[in-house]
Amino acid sequence: MSVLTQPASLPPARKIDRGRNWPQIRMYAGAAVAALGLVLTVVDQMNIGWIIILGWLGLLVWKQWHAILAFYSVISIYPVLRVISVSLRPGSGLLSRDLAIIPTGATIESYVKIFTEETFLHWVWNTLSITLAVSAVGVVVAATGAYAFSRWRFPGRRPGLIFLLTTQMIPAGMMIIPIYVIVAQLGLTDNIIGLMLAYISTAVPFSIWILKGYYDTIPPDLEEAAMVDGCNRMEAFWRIILPLSTPALSIVFLFNFLAAWSEFLVAKVVLKSPTVWTWSLGLNDLIGTFNTDWGKYAAGSVFVTIPVLLLFTWQSKYLISGLTLGGVKS
Amino acid sequence: MQEFSGLSLQGVLDTLGVIVPLIAALVIGTLIFQYFLYKILNNVVKTSYALPYTLLAPAIIAILLFTMYPLLYNVLLAFSGLTSKTFNCYSPVATGVCKLDHLYGFDYAAKNFTDVFFRVKDGEILGWGRLLRTADSTFPVLLGRTIVWTGINVVFHFFIGLALALIMNQKIRFKGIYRSFIIIPWAIPGIIVALTWKQEFHAQYGFVNNLIEALGGQGISWLRDPIPAFAAVTFVNIWLGVPFYMVMLLGGLQSISPDYYEAAQMDGANSWQRFRAITIPLLRPILIPAITLDVIWTFNKADLIVAMTGGGPQESTNILVTAIYNAAFGSAATFELGFASAFSIIVFFILFFFAVIWITTSGGLKEIYER
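Residue numbers (the working numbering), protein chains in the order written: chain B, 1 to 330; chain G, 1 to 371.
Since the hints were made in silico from the structure, they are not lab data. Heads up, some of the hints might be wrong.
Stated by the list, open to error - In silico contact screen, one side only, chain B against chain G (beta carbon under 10 Å); selected entries: (1) TRP22; (2) MET46; (3) GLY49; (4) ALA148; (5) PHE163; (6) VAL204; (7) PRO274; (8) SER301; (9) THR313.
Backbone N, C-alpha and C fix where the C-beta goes; we use that ideal spot for every residue, glycine too.
With the sequences and hints as input, model every part of the structure.
Below, the structure is given as structure tokens:
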């Protein structure tokens, strides 16, 4: 039984019983290592480092794959827990070297401060209005365009697709400079419309790319059957393809939403005055050169991350199917 | 009107009053435009592709207007002498004295493009150009660092992502929980990741050093010293990129039918042979686009570096794209937009060149356009 090829449904090949029960031996060995960690913790003045390290080693002995996944999960999630921890610290303990997740004297002071001392809600509202508009426009424009790329072999299709991939290669600076100059010349600096137009430029090509890959996996027979039954092409698209593409459409919406929600560089160049800032500029300013307010920064981060995390976990089933179905031939 | 945290009801209504009519006008205008375009294409031009062209029209217009126009304008800017001092000359709305006798010309372009590579005085090449006016930020150094940065990141993304996907593809308990934990870095807004890790690499209060010291090691001033700074930024980008591969590869693995493995097992193939002969070839349609996208994204990763280190210390984390940003808008900037435009065009062609070689040798795009 190997990690390299273990298929999900195939039962593991039965090993010849050599008179030893390995899973049980490993379980006892692992428990022994963990118990040693517990003893050392008690001996070494309740230093919980021992139980954490030896407990993990015990898990590694008992079930190695769980140990690896647990280790990587901790790497993924610990920085997030840290942000929450910093956001709960009392004002006096902000610059603490404590590693504990729940800080001593936990308080929601920072959460109150971010709303009362900063114009945080305004920043979030600015971002939200830009983001929703950009995502919606991206999905609507791309949904039909990608369908054309998927179903017809029209002249100009291949260069078009290559062009879409090429737009992904444009360095950030290459778009920021002309966008900044155009926006400045039009007098649209400090205007969220200018930023919206800038974001649409990246949202549309990427959306078409993903959606086209998804439509390709839907057999054309479905629409043909509908057209035999009297639908025209657009009705078939509207009634059959679009409902079937909900996963991909929501992926595209989600990607555009995430990209615009946390965009930083273009916003930094285009929006100068605090009243039109997006939250990324506001939070960046909170821990900028002249101002280091970790508590407020952390509280603000938690606020803007939680909706995105919820959206992400809620959609993660679609996320995986939507992304990969585009890549695998049916 | 009551105001809370800088936002009043009036403010919300004002924004909606701009955005909602704008979007409504866009959608309605597009539909009307599409209707007439279809009639023209179908009845006047009589092309058999009237419908696909009509469907594509909004996307084409959006791309022409919002992607192509800025790109072409960027080329024009490379032929200009645009800096902070001459901004008045190029802006129709600004008023002020303009000291230039012409706005665009090949003389500007020649200077802008040579400045990227060489330091020239009185028509004589003195050596490699020092971008950003510092000693070691020359073009070959930046290019080399960008290649190292991209290489390290993509290799680690790929191997860690593949290992996690293979483990998760087994029958294992708590799979859903592990997966939702592991994709968290991907779900967090990029700028929060950058700013948070910047603080966590703080020499005194960041958890990285606190953890090292708790384990009895010596703390490192991560973002002050050149090599640790590069290591720190690379670590963060690896942390960020693994979930993408894990998700893509796990999806790919799950789509491989177990029958193949069963058949190979009956023929006596061992697990490594099955991996080489079944898993890797069948993952190819996912792997090639994933690696292509990852190379491009990593090469172009400016926001993380700008937010974490700004390219410093001593230029140690400055890659090509951050150098462009710094030349145009950075703190050490001279606001040389004409020069930065020329620089960005060169960087784009470098990436384009690599990408074309990679795509043609790997045949990755065949999957996509030859259906």
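Next item on the list: Kindly indicate which numbered hints from before are broken by the structure, ordering the numbers from low to high.
Entry: 1 and 2
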